[in-house]
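Fit the two chains together into the complex; they arrive one by one in their own frames, and the hints show the way.
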Amino acid sequence: DTGVSQDPRHKITKRGQNVTFRCDPISEHNRLYWYRQTLGQGPEFLTYFQNEAQLEKSRLLSDRFSAERPKGSFSTLEIQRTEQGDSAMYLCASSLLGSGQKNTEAFFGQGTRLTVV
Amino acid sequence: DAKTTQPNSMESNEEEPVHLPCNHSTISGTDYIHWYRQLPSQGPEYVIHGLTSNVNNRMASLAIAEDRKSSTLILHRATLRDAAVYYCILRVYNTDKLIFGTGTRLQVFP
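Listed in order, the protein sequences are those of chains P and R. Residue numbers for the first sequence follow the numbering used here, beginning at 2 and rising by one. Residue numbers for the second sequence follow the numbering used here, beginning at 19 and rising by one.
Here chain R stands alone, though its shape is the one from the complex (with noise of 0.2 Å):
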């Protein structure tokens, strides 16, 4: 399973956009790109997902790069509930596991 590297804390101040890295070098042709996110005492929570081209949806945007070897999940205006553990997983084309590294803790600051 190809692996994704992502800091392991990153802080943001309410309302200010939010920007979350991920590095996926060994990423293939079928890969996925998706984030989930985990609230305190809560289980994983869908965000986004894309293959190639870059993604908005209510929640957040994904933006991909060209060479697809990283990408940047982006919070336009970061709220205290924001405030979870992000994790950047490759799933691969037409199977259902997600394996979940470390992921990123954000800390929001009123």
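Excised from the complex, chain P in its bound form (with noise of 0.2 Å):
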């Protein structure tokens, strides 16, 4: 397994166009989460997986963000009408969280940096 991978690795659009990325996370992980970064920040959780079901999004992802898990395995985060402060780096992590852990590492990939001119 080569662990988590984010396709694309660097986006580039103009305002107003529709984006989507895809995230692979460590298969049989059935937990996936999405994450925003900006620079000279930290990670902030958008939302998370288990399996297909969308278990808990943030208030930062506004109406423009969806994500989707349709078969419990691969995820999309789909930006409608981008604007300029969508420009940052998008990570996706996944984790397998078994009957009776109550914590688990959680692996991330390498992000997909997005520019929006």
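Read the hints as simulated data drawn from the structure, not as lab findings. Treat the hints loosely; a few may be bogus.
Said to hold, decoys possible - BS3-like cross-link-like pairs, simulated, lysine-lysine; straight-line CA separation at most 30 Å:
(1) K72(P) with K21(R)
(2) K72(P) with K58(P)
(3) K58(P) with K15(P)
(4) K21(R) with K58(P)
(5) K12(P) with K115(R)
(6) K12(P) with K58(P)
(7) K87(R) with K115(R)
(8) K21(R) with K15(P)
(9) K21(R) with K87(R)
(10) K72(P) with K12(P)
(11) K58(P) with K115(R)
(12) K115(R) with K21(R)
Written out as structure tokens, the structure is:
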């Protein structure tokens, strides 16, 4: 297993366009998370899934953002009508939470850097 | 979400031990203390976590104060590869989201 992979690594788009990012978690990991990171800041939680169910969404996730994990494997994050403020690194992470486990480590991908011009 | 406080930056020389402090005075009894680090142009990487007792793994040691209001990440012999931003995070029992602060930027000099 090569870890969490994200595609594309870089995306430049014009303001107003829609973009979609993909995340492939570590196989058999049942939890998948999306974070956003701007320069000089730590990552900010956006949302997470357990299998195909989206369990929590941050208030940061405006109506223009939507995330899916249709078959409980890969996930997509779509941003509609992009704005310059959406420019950031979008990070995906996955973890395996088994029965009886209280805390597990999350494995992060290398991220997708979005630039909105 | 409980908050952590870390110094903005620290410096070390190669092969010396590094002690990275973290204050978390509002920690609750069920919060776990997690440490992640982020190398340049990489996603964060898990380092270690603990609840009450000190913990050791191949990467580092975690020393937790008796009152749990502070903790220290210990790198026993810093290498150039350890230069990164280190995040101290409180993770609520049985939830999965990580609430990152701004972390401590560690510089390691040869």
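Evaluated hints:
Under the criterion of a C-alpha separation no larger than 30 Å, the hint pairing K72(P) with K21(R) is inconsistent with the structure, at around 35 Å. For the proposed pair K72(P) and K58(P), the alpha carbon gap of about 19 Å is at most 30 Å, so the pair holds. A C-alpha spacing of about 26 Å is found between K58(P) and K15(P), which places the hinted pair at or below 30 Å, so the restraint holds. Only pairs whose Cα atoms come within 30 Å are accepted, and K21(R) paired with K58(P) is accepted, the gap being roughly 20 Å.
With a C-alpha separation of about 26 Å, the suggested pairing of K12(P) with K115(R) holds against the 30 Å cut-off. Restraint check: the Cα-Cα separation between K12(P) and K58(P) comes to about 24 Å, which is no more than 30 Å; the hinted pair holds. Taken as a hint, the K87(R) and K115(R) pair is honoured in the structure, with Cα atoms around 21 Å apart against an allowance of 30 Å. For a cut-off of 30 Å, the pair hint linking K21(R) to K15(P) is broken: about 37 Å separates their Cα positions.
At roughly 11 Å between alpha-carbon atoms, K21(R) and K87(R) fall within 30 Å of each other, so this suggested pair holds. For the proposed pair K72(P) and K12(P), the alpha carbon gap of about 25 Å is at most 30 Å, so the pair holds. Between the alpha carbons of K58(P) and K115(R) the distance comes to roughly 10 Å, so the proposed pair stays at or under 30 Å and holds. Between K115(R) and K21(R), the direct Cα distance comes to roughly 14 Å. Compliance with the 30 Å bound is thereby established for this hinted pair.
Checked against the numbered hints given earlier, this structure breaks hints 1 and 8; the rest are met.
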